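Protein chains in written order, with my numbering: chain A, 1 to 197; chain B, 198 to 353.
If you are wondering where the hints come from, they were derived from the structure by calculation, not from laboratory data. Note that this is a predicted model, so its numbers are computed, not measured. Ideal Cβ positions, reconstructed from N, Cα and C, are used throughout, including at glycine. Be aware that one or more of the hints could be misleading.
Derived Cβ-Cβ restraints for the label pairs, each shown as a range [unchecked claim]:
no., chain 1, residue 1, chain 2, residue 2, range
1, A, E151, B, G347, 36 to 44 Å
2, B, N276, A, I39, 40 to 48 Å
3, B, H237, A, P92, 39 to 47 Å
4, B, N318, A, K153, 52 to 60 Å
5, B, P320, A, M59, 32 to 40 Å
6, B, W319, A, C33, 18 to 26 Å
7, B, N277, A, E192, 29 to 37 Å
8, A, A57, B, K228, 18 to 26 Å
9, A, D110, B, K199, 40 to 48 Å
10, B, G347, A, R81, 25 to 33 Å
Capping the alpha-carbon separation at 25 Å, the derived lysine-lysine pairs in PhoX-like fashion look like this [as the list claims (entries may be wrong)]:
no., chain 1, residue 1, chain 2, residue 2
11, A, K168, A, K147
12, A, K190, B, K206
13, A, K162, A, K8
14, A, K190, B, K327
15, A, K190, B, K264
16, B, K304, B, K264
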Amino acid sequence: MGLHNGDKMMRYEEWSKLARKASKRSLWMVHFCTGCGAIEMPPVMTSRYDMERFGIAPMATPRQADVLLITGYLTVKTLRRVIQVYEQMQSPKYVIAFGSCTINGGMYWDSYNTIKHLEKYIPVDLYIAGCMPRPEGIINAFLELMKLIDEGKARGWERYQKYYDKYKENQRRVFNFEVKEEEKEEKEQKREKNEEH
Amino acid sequence: MKSIELLGKGEEMHGRAYIKLSADEIEESIKKLKENGFNHFVMLSCVDWLDKGKFELVYHMWNYEEKEHAMLSVDIDRNNDVMKSMSHLFPQIETYEREIHEMYGIKFEGNNRLTPFLLENWPHDPPMRKDFDSKKFVKQMYESIPFIEGDENEGI
Numbered sequence: 001m002g003l004h005n006g007d008k009m010m011r012y013e014e015w016s017k018l019a020r021k022a023s024k025r026s027l028w029m030v031h032f033c034t035g036c037g038a039i040e041m042p043p044v045m046t047s048r049y050d051m052e053r054f055g056i057a058p059m060a061t062p063r064q065a066d067v068l069l070i071t072g073y074l075t076v077k078t079l080r081r082v083i084q085v086y087e088q089m090q091s092p093k094y095v096i097a098f099g100s101c102t103i104n105g106g107m108y109w110d111s112y113n114t115i116k117h118l119e120k121y122i123p124v125d126l127y128i129a130g131c132m133p134r135p136e137g138i139i140n141a142f143l144e145l146m147k148l149i150d151e152g153k154a155r156g157w158e159r160y161q162k163y164y165d166k167y168k169e170n171q172r173r174v175f176n177f178e179v180k181e182e183e184k185e186e187k188e189q190k191r192e193k194n195e196e197h
Numbered sequence: 198m199k200s201i202e203l204l205g206k207g208e209e210m211h212g213r214a215y216i217k218l219s220a221d222e223i224e225e226s227i228k229k230l231k232e233n234g235f236n237h238f239v240m241l242s243c244v245d246w247l248d249k250g251k252f253e254l255v256y257h258m259w260n261y262e263e264k265e266h267a268m269l270s271v272d273i274d275r276n277n278d279v280m281k282s283m284s285h286l287f288p289q290i291e292t293y294e295r296e297i298h299e300m301y302g303i304k305f306e307g308n309n310r311l312t313p314f315l316l317e318n319w320p321h322d323p324p325m326r327k328d329f330d331s332k333k334f335v336k337q338m339y340e341s342i343p344f345i346e347g348d349e350n351e352g353i
């Protein structure tokens, strides 16, 4: 309609601002219950803490959800399913990660099959520290997320698109349990030693 | 205790019967206990004695009438980690053997279901063995993966 490109952009910005303002008050979450964090969700949902007064509601399917909650440690086997769920969700989508296990491994820092840093595999908008965080912490995180959405700072899903190749490369490496050349050499040496015996 | 009387050896340990057996005796002993009231096979567990160079397999059985717990212990060589499967006596042993095969690498002859159980695509040494260096593995496996660059708030 005779609008310049710049005008279109401006309109887009304004509309998305409005959309963000509206959508931040109706966050539907799919809670991927791994680890111990799942047990903190029922009190948050039910009448004691009542998250629905902020417009947050649980949703059964990822396709209709806005927020993905990762509630605790993830094994590599579960991470594969988490990524499937995350990729099924429609943009804009946000990820909240619970507890120290998703930040740096937590008490599973030397475990052979849990991932240590969740943000290496999917973009995380918000971490809640603690082992496990209390329901107040979870409510606080949601309010913080609303603020970030309002300010346009929760852009993890855009990061996922921008660095898609790098995320995929990291995921491939962890799924295939790839190791460096050193360990392969070591294994061969071990095998040779065994054969000598 | 009844199981010690039945098998003619063993000792009482913290209210449970602990019976040391050789690998050949285990099948008959389980059969004998099963016929005499020990009809609940509780679990099969495994201990890795690295400095002694052996694996210890412990078959736990329970008698409901006598309320007696019998632990049948077998040592197998760490370098020759093969054991006869007992899954024909109690079907649930198959699953325990499957898990131990995955976590300790012990081969059970006669068990046809030693497929991956809890781990996916695992090409390394069995992780529960004492000589599996888990800290080193974490360093090579997880810490070597780089963080994604860029600012956190960065969009497209």
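Tested hints:
no., hint, in the structure
1, A:E151 <-> B:G347: 36 to 44 Å, "violated (18 Å)"
2, B:N276 <-> A:I39: 40 to 48 Å, "holds (44 Å)"
3, B:H237 <-> A:P92: 39 to 47 Å, "violated (55 Å)"
4, B:N318 <-> A:K153: 52 to 60 Å, "violated (37 Å)"
5, B:P320 <-> A:M59: 32 to 40 Å, "holds (38 Å)"
6, B:W319 <-> A:C33: 18 to 26 Å, "holds (24 Å)"
7, B:N277 <-> A:E192: 29 to 37 Å, "violated (19 Å)"
8, A:A57 <-> B:K228: 18 to 26 Å, "violated (58 Å)"
9, A:D110 <-> B:K199: 40 to 48 Å, "holds (44 Å)"
10, B:G347 <-> A:R81: 25 to 33 Å, "holds (26 Å)"
11, A:K168 <-> A:K147, "violated (29 Å)"
12, A:K190 <-> B:K206, "violated (40 Å)"
13, A:K162 <-> A:K8, "holds (23 Å)"
14, A:K190 <-> B:K327, "holds (16 Å)"
15, A:K190 <-> B:K264, "violated (48 Å)"
16, B:K304 <-> B:K264, "violated (32 Å)"
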